[in-house]
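Take these sequences, add in the hints, and give me the full structure.
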Amino acid sequence: MLTECGVESIEDFFDIIPEQHRFPEMDLPEPLSEMEVLRELQELSESNAEASHHPCFLGAGAYNHYLPSLIDHMLLRGEFMTAYTPYQPEVSQGTLQTLFEYQSMICALTGMEVANASHYDGATSTAEAVIMAINQFRGRRAKIILSPTLHPQYRHVVRTYTQGMGLTILGDDDPAADLDDIIAELDDETALLIMQYPNFLGELEDMEGLQTAVHDVGALLCVVANPIAMGMFKTPGEYGADIVVGEGQPLGIPMSYGGPYLGFFATREKYVRKMAGRLVGETVDANGQRGYVLTLTPREQHIRRDKATSNICTNQGLMVTAAAIYLSVMGKQGLRKVAELCYHKAHYAADCIETLPGFSVRREKPFFHEFALRCPAPVADINTTLFDDYGLIGGYDLGQDYGHLENHMLVAVTEMITREDIDCLAEALRAYT
Amino acid sequence: MTWNTPDDRRYTETDEWVMLADDNATVGITDYAQDQLSDIVYVELPAVGETFKQDDIIATVESVKAAADVHIPVSGTVTAANRTLEDEPEIVNSGPYGEAWFIKLTPSNPVEIDGLMDSEAYARYSAARED
Numbered sequence: 002m003l004t005e006c007g008v009e010s011i012e013d014f015f016d017i018i019p020e021q022h023r024f025p026e027m028d029l030p031e032p033l034s035e036m037e038v039l040r041e042l043q044e045l046s047e048s049n050a051e052a053s054h055h056p057c058f059l060g061a062g063a064y065n066h067y068l069p070s071l072i073d074h075m076l077l078r079g080e081f082m083t084a085y086t087p088y089q090p091e092v093s094q095g096t097l098q099t100l101f102e103y104q105s106m107i108c109a110l111t112g113m114e115v116a117n118a119s120h121y122d123g124a125t126s127t128a129e130a131v132i133m134a135i136n137q138f139r140g141r142r143a144k145i146i147l148s149p150t151l152h153p154q155y156r157h158v159v160r161t162y163t164q165g166m167g168l169t170i171l172g173d174d175d176p177a178a179d180l181d182d183i184i185a186e187l188d189d190e191t192a193l194l195i196m197q198y199p200n201f202l203g204e205l206e207d208m209e210g211l212q213t214a215v216h217d218v219g220a221l222l223c224v225v226a227n228p229i230a231m232g233m234f235k236t237p238g239e240y241g242a243d244i245v246v247g248e249g250q251p252l253g254i255p256m257s258y259g260g261p262y263l264g265f266f267a268t269r270e271k272y273v274r275k276m277a278g279r280l281v282g283e284t285v286d287a288n289g290q291r292g293y294v295l296t297l298t299p300r301e302q303h304i305r306r307d308k309a310t311s312n313i314c315t316n317q318g319l320m321v322t323a324a325a326i327y328l329s330v331m332g333k334q335g336l337r338k339v340a341e342l343c344y345h346k347a348h349y350a351a352d353c354i355e356t357l358p359g360f361s362v363r364r365e366k367p368f369f370h371e372f373a374l375r376c377p378a379p380v381a382d383i384n385t386t387l388f389d390d391y392g393l394i395g396g397y398d399l400g401q402d403y404g405h406l407e408n409h410m411l412v413a414v415t416e417m418i419t420r421e422d423i424d425c426l427a428e429a430l431r432a433y434t
Numbered sequence: 026m027t028w029n030t031p032d033d034r035r036y037t038e039t040d041e042w043v044m045l046a047d048d049n050a051t052v053g054i055t056d057y058a059q060d061q062l063s064d065i066v067y068v069e070l071p072a073v074g075e076t077f078k079q080d081d082i083i084a085t086v087e088s089v090k091a092a093a094d095v096h097i098p099v100s101g102t103v104t105a106a107n108r109t110l111e112d113e114p115e116i117v118n119s120g121p122y123g124e125a126w127f128i129k130l131t132p133s134n135p136v137e138i139d140g141l142m143d144s145e146a147y148a149r150y151s152a153a154r155e156d
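For the record, the sequence lines run as chains A and B. Heads up: the first sequence is residues 2 to 434, going by the numbering used here. Heads up: the second sequence is residues 26 to 156, going by the numbering used here.
Fair warning: there could be bad hints in the mix.
In the EDC-like style, the derived pairs of lysine to aspartate or glutamate whose C-alpha atoms are separated by at most 16 Å in a straight line are [as the list claims (entries may be wrong)]:
1. A:271 with B:69
2. A:271 with B:111
3. B:90 with B:115
4. A:346 with A:424
5. A:308 with B:94
6. A:366 with A:181
7. A:144 with A:188
8. A:308 with B:69
To be clear, the hints were calculated from the coordinates, so they are not data collected in a lab. Since the model is a prediction, treat every value here as computed from it, not as a measurement.
Below is the structure:
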């Protein structure tokens with residue numbers, strides 16, 4: 002083969018790379034045995050501070066919830082634990098049924114009619130909602146309104162995904178704008194309004210009247226929802242949302258440094274042809290027996306090509322399986338209990354900390370399991386003290402994204418936080434009063 | 026291969042037909058278009074009352090092997106959409122010039138129709154693409 006190519010050795014192919022870069026000095030340590038490598042990696046991993054060893058008050062989109070051991074027990078089975086999601090109905094009824102059950106549970110959770118088999122994460126689901134809305138209007142409407150209390154990173158991803166599409170994306174120019182301010186931006190050019198529920202600051206906005214305002218101008222309403230909160234609050238579906246998306250990580254998926262996560266996506270049946278992603282449907286086979294298959298595939302890129310809503314049909318098959326197991330294990334009552342524990346613990350924490358001079362909780366709206374805490378010192382300084390002196394992982398520094406919330410800490414409290422942890426946090430913060 | 030091209034209507038290069046009667050126009054896709062698409066499984070139609078400019082996309086057709094946009098042959102406002110197509114898209118294959126019309130509209134600039142192909146020109150145009 003080398004002769005055919007007219008070269009003498011494989012190295013000749015790399016002649017184009019300058020000599021000094023071809024075989025650089027790597028300056029690597031001496032080789033180690035497997036046992037030695039394992040020890041070194043072990044030591045490295047132990048220098049991480051994990052939520053399993055430190056009470057974690059950090060949320061802001063990823064939350065430390067209890068993971069029932071049944072999840073891993075099921076998930077690590079060879080039939081599920083594959084690198085690629087198999088879709089052939091002849092050999093993959095188990096996988097397809099799992100995806101179908103997941104879709105059904107997401108519909109129940111969000112109060113919607115159809116859900117797909119997932120996207121990468123909450124941010125990409127949100128971006129897919131934008132693209133779907135643009136397609137729904139065949140490009141005749143190109144204005145997207147984002148609430149400033151939509152997760153700042155989601156707003157970035159929406160802009161990245163849609164660059165070059167000629168959209169007008171606004172609503173979040175003023176980080177302090179509230180729902181009424183962005184409702185005022187609605188007009189007959191608007192394709193979609195996106196708001197988060199509970200919002201990035203943990204608050205539950207007043208949803209009454211929102212759908213009327215959006216639908217009066219003929220636009221669509223997308224709600225980015227926390228799936229755990231759906232266990233106890235009215236669903237976005239009941240508030241008239243046309244699209245409900247969100248981050249599925251709270252449903253049995255570890256925080257693990259930000260991924261892999263799971264983006265859920267649900268909508269109304271009348272928009273099913275415009276939704277992106279894989280969709281599993283229930284049917285009957287030639288013998289009349291129940292079976293599961295991918296359905297409505299002409300929506301997807303291999304048939305619809307450039308006219309497809311999205312050219313991403315990748316899903317998070319394994320994470321979907323984790324979420325399906327989590328929801329099955331918890332059940333309706335279990336999920337509600339998790340939500341209530343989060344709610345009550347977060348409110349206990351807010352009540353405790355609020356008594357400290359110099360600290361106050363933003364309480365203009367009700368909150369779920371996260372609240373904005375005004376602090377008498379920079380959040381970064383406080384977090385250093387919390388960690389170094391008390392072993393606590395402090396909250397998110399809201400000043401990074403919201404100019405008017407400088408020295409505000411976003412404190413998340415899940416069911417994993419104990420009363421002692423909260424008392425410890427209050428004690429630690431007392432040093433700043 | 027030849028396709029049916031009735032001479033009571035006009036044709037576009039994107040394979041739609043339009044038939045003018047008084048102040049009303051009826052629009053559909055051609056025999057050539059349905060044959061190229063093969064079995065049609067879904068038709069998405071515009072809302073009544075929507076206004077379009079000539080050549081705007083008004084509908085989408087999905088078949089078992091492709092998806093295609095349907096363009097409006099002349100500018101105007103939609104007065105009716107054939108909802109039967111949503112339940113029985115297969116009639117586009119069997120009767121593209123009759124029961125499977127897509128929309129009716131009130132043309133805003135009826136002279137646009139003069140710029141479209143007549144049946145003879147469209148038949149030649151279709152045949153040429155087959156070679």
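We went through each hint and held it up to the structure:
The hinted pair formed by residue 271 (chain A) and residue 69 (chain B) meets the criterion: a straight-line CA distance of about 11 Å does not exceed 16 Å. For the hint linking residue 271 (chain A) to residue 111 (chain B), the alpha-carbon distance of about 12 Å falls within 16 Å, and the restraint holds. Between residue 90 (chain B) and residue 115 (chain B) the alpha-carbon distance is near 14 Å, which keeps this suggested pair within the 16 Å criterion. Our distance criterion of 16 Å between C-alpha atoms is met by residue 346 (chain A) and residue 424 (chain A), whose separation comes to about 11 Å.
For the hint pairing residue 308 (chain A) with residue 94 (chain B), the CA-to-CA distance comes to about 9 Å; that is within 16 Å, so the pair holds. Pair hint residue 366 (chain A) plus residue 181 (chain A) holds up; C-alpha atoms about 14 Å apart against a cutoff of 16 Å. Restraint check: the Cα-Cα separation between residue 144 (chain A) and residue 188 (chain A) comes to about 9 Å, which is no more than 16 Å; the hinted pair holds. Using a Cα cut-off of 16 Å, the hinted pair residue 308 (chain A) and residue 69 (chain B) holds, with the two alpha carbons roughly 13 Å apart.
Checked against the numbered hints given earlier, this structure breaks none of them.
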